[in-house]
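Can you make the complete structure from the sequences, with help from the hints?
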Amino acid sequence: MKVVVGCFLGSIMLTVVALIYLVVSILFFNVSSPKVGSHVEQVEWLPKSASDISYYLTDHFGWINVYECTMEEEDFMDFAKKEGWDMQEKKQTHLPYRHKLALPSLHYDKGQEWHYDMVEDVLFYTNRKSGTGGGGKIVVYDPKRKRLFYVQAHR
-2 MKVVVGCFLG
8 SIMLTVVALI
18 YLVVSILFFN
28 VSSPKVGSHV
38 EQVEWLPKSA
48 SDISYYLTDH
58 FGWINVYECT
68 MEEEDFMDFA
78 KKEGWDMQEK
88 KQTHLPYRHK
98 LALPSLHYDK
108 GQEWHYDMVE
118 DVLFYTNRKS
128 GTGGGGKIVV
138 YDPKRKRLFY
148 VQAHR
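Oh and the sequence shown: position 26 is 23 in the numbering used here, straight run, nothing missing.
Treat the hints with care, as some may be off.
Said to hold, decoys possible - Here are the simulated BS3-like pairs of lysine-lysine, each with C-alpha atoms no more than 27 Å apart in a straight line:
# : residue 1 : residue 2
1 : Lys87     : Lys97
2 : Lys45     : Lys143
3 : Lys45     : Lys134
4 : Lys143    : Lys78
5 : Lys87     : Lys32
6 : Lys45     : Lys32
7 : Lys141    : Lys79
8 : Lys88     : Lys32
9 : Lys126    : Lys45
If you are wondering where the hints come from, they were derived from the structure by calculation, not from laboratory data. Nothing here was measured: the structure is a model prediction, and the numbers come from that model.
Below is the structure:
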């Protein structure tokens, strides 16, 4: 009887270890390379009016999608309406994850402080998830630069 119970417990332990290994392998080792583009003229997931598109897209655990492009304000507002983004005016905001695009930093000098990837007088939308480390969506349109900045993150 002790041998049967021992074999049963051993097989349960082996199954648990195998499941943990499988989960860890899927989450951390099955990582595909990001899709990256720099100064691309067109992509199928943006309106035809978008140009000079740079993007960094991932689809594995902890995924993040970042892009920016040039777009006229009227075209952007049509796109925002179609996407359901309720854009609000904002004095300044940081552009998170923009470094993933490997583009030169946007910066300005406010007195003695330098601010990197910060934009002023923009249209802003966010739909962030609470309790998940800040996952969700951030959309920023800079009318002065005619640039759309987009981030969507898992966490």
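Status of the hints after comparison with the structure:
Using a Cα cut-off of 27 Å, the hinted pair Lys87 and Lys97 holds, with the two alpha carbons roughly 23 Å apart. Pair hint Lys45 plus Lys143 holds up; C-alpha atoms about 15 Å apart against a cutoff of 27 Å. A C-alpha spacing of about 22 Å is found between Lys45 and Lys134, which places the hinted pair at or below 27 Å, so the restraint holds. Between Lys143 and Lys78, the direct Cα distance comes to roughly 17 Å. Compliance with the 27 Å bound is thereby established for this hinted pair.
Using a Cα cut-off of 27 Å, the hinted pair Lys87 and Lys32 is violated, with the two alpha carbons roughly 31 Å apart. Restraint check: the Cα-Cα separation between Lys45 and Lys32 comes to about 20 Å, which is no more than 27 Å; the hinted pair holds. Under the criterion of a C-alpha separation no larger than 27 Å, the hint pairing Lys141 with Lys79 is consistent with the structure, at around 22 Å. Pair hint Lys88 plus Lys32 does not hold up; C-alpha atoms about 32 Å apart against a cutoff of 27 Å.
Under the criterion of a C-alpha separation no larger than 27 Å, the hint pairing Lys126 with Lys45 is inconsistent with the structure, at around 30 Å.
The structure fails hints 5, 8 and 9 (numbered hints given earlier, in ascending order).
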